[in-house]
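Enquirer: Protein chains in written order, with our numbering: chain A, 1 to 412; chain B, 413 to 575; chain C, 576 to 753.
Worth flagging that the hints you see were computed from the coordinates, not collected in a lab.
What follows is a set of in silico ranges between Cβ atoms, one per label pair, in the way DEER data are often shown: (1) C:ALA742 with A:GLY205: 25 to 35 Å; (2) B:PHE501 with A:PHE308: 48 to 58 Å; (3) A:ILE100 with C:ALA742: 29 to 39 Å.
Every residue gets a Cβ at the ideal spot worked out from N, C-alpha and C, and that includes glycine.
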Amino acid sequence: MSAPFAGSLLVGQTGDPLLFSVDAVAVGIVILKVLVIFALLLVATMFMVWFERKLISDMQNRIGPNLAGPFGILQTLADGIKFFFKEDVIPDKSQRKVFILAPYLAFVPAFLLFAVVPFGGDFNGGNDGMVTIFGRDTYLQLADPPIGVLFILAMSSLAVYGAMLAGWSSGSKYPLLGSVRASAQMVSYEAALGLSAAAVVLVTGTLSTHSMVTSQAGDGPWGVLPNWGILLTLGVPFVIFVIAGTAELNRPPFDLVEAEQELVGGFHTEYSSIRFALFFLAEFMNTITMSAIFVTLFLGGPSGPAFFGPGWMWGVIWFLAKVFIFLFMFVWFRATLPRMRYDQLMDLGWKVLIPLALGWFLVLASLEVADARQWNRWVVGAIAAVVLVGGAALLRKSVRSGAALRAEEVLD
Amino acid sequence: MGQYLPIFVLLVLAVLFGAGSFVASKLLAPRLPTSAKLGPYECGIEPSREPPRRFSVRFYLVAMIFIVFDVEVMFLFPFSTVVDEVGLFGLVAVLIFSVALFESFLYLLGNGALEWGPVVRKVIPGAVAPSRTAATTVRRVGTEGRGRVPAMARAADDGGAAA
Amino acid sequence: MSILAVTEVLVAQNIAFAIIAVGVVVAGVRLVTTENVVHAALWLVVVLAGIAGLYILLAAEFTAIVQVLVYIGAIVVLFLFGIMLTRARLGEGETVNKKMRAPALVIAVAMFALMAYSLWGYFGSTELEVMGRSTAELGQTTAQVADTLFLTYLIPFEVVSVLLLAALTGAIVLARRD
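Hey, can you work out the whole structure from these sequences and the hints?
Expert: In structure tokens form, the structure reads like this:
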């Protein structure tokens, strides 16, 4: 009985080998990993807040934070400490219990989301990113459940509750409007998020985030390109996922939730002191984790060539470099793109992204089956493209007739 | 199940962190509540009316359609993991499923279920509203001699039928 | 390396089950006794999350995650939107009607008896072979679900699409203005 639990690598097995046999050492390593990841996430969040403020001030030709520490890098720490000394106000009209609960519901999923992201390890030459800590083999990733991708989706679907309940329980006008907007927006883009993630699962054939990185580490198309999800899924799901991810985070240009000109601060208007800090923390932590998820699903996670020194370190370096690209992108979006209107937001989600993601998934599935049956890939692809265009035409027609119902004829 | 142990440990740590921050805030922060602070935020003025309690049915509709797509996604994920084993057979099954869904989604769109924008006002070319003549001096003369106006003609037809 | 004996794992599992089960029952009772509709919805979330935890204990992780994604992530959100649409004032329970408590209790007890009877009749004292399975098998539960879904239970799967079609068509009633 003990044999399968002894940590031997079985064919088709997923999961961190450390955790097949749970004993004192394993638990110790788990707690150590949890503490390290927890601390790193907090530090990374602080960095991100500073980075966003600094970069956006550069883009807007002003100085930005520059007093606390070199280049103002300790600004976020100073802000964080200040929050502890600020008065904690619970408005009279709020629903006390839910009001207190809501920040937890926002930031706990934000923490948990990072648990399934692989952030290091050597994936070169058939290695699967294994490292040895205290004589135990493990992955540089907190947990590797066999349904990692679904875990990501589940946690991001829980994030709706924080925004929704915070606004409702405040008993105030602007938070309520903000939370209704937020929850409808998050719900709308979640389907697109799921459909485009399913496309990656289709080409890599696994739901485990670690196996996903392993399968993306090999040689890709024509032997020169990397075997990344972005190329295997032919790009479209990546674009959809990035747009839907940005909307899911309520970041610009999809930040209608906290459109200052209309809604003051959105769903957390009534929150002050440490309760507000937790919302703020969750928001920026989610930004980092979402970037890490982009990298895991579409850019091969921590896989990349190793040059000198330990291989796992290069994994971490590649991972950070790739995540940094997306962090920059998010700030760039904020500096460049004007906020969308609510109907444009809904139209983009429901009438463009979701049908496109679904159609693209079916095209990829057809190609996958064509490969298995040794049919001509190009012929199948062409037929699928024609069907896709036909579907798009039908969609356009029904959108038009839907819009016509809203039109009202007026006299001059 | 062991794979979920670290997630559970992280959950506990996150909750402890949250609770710890609240305790720290309780100890460090001043508490001087006044009625102005505890009132709902309204940019400095007294709220003149209660916040709205009811919302457009469209939000409910969005959640409803989302459930349908969520269920679809939940079927696509297991399909994606076994696409090589179930092959063409499975693909056809998923295609039938998706087409059934897509076609009802189209019907829904065609009925304007997800129209959020403002009502589009289409001006009927050549038509002049009688109400408009009261507001401006230029058009006080009415619509005589301006050609057959569809809306006016319709009204005239209705009137004729009634007579 | 020392490995926990299977019996010890089972003991740990039983303890976890007991904790989750008690939590679920308490949350279930609060769900039907609370006077605040929003609180009731949140207690429902606790119940559903607890049941997802039980699925994980049974190594049925796909079912667990579907529970979280569809029920907690979508259906309870729909409930909350529904609460917003009605006149129910958030946080004030004066509209909650308690007259039906006695019949509801009778139905609940009858349902419990029925389910307990049928479960006991089906399983009796046989134990599910979860711990006896190898890790390779446990890692493949989603694939097993998929195989059964697309090969054995294909017709029910397609019928689900008709059900969803009916749901979307029902939504038209809300969408149309006439």
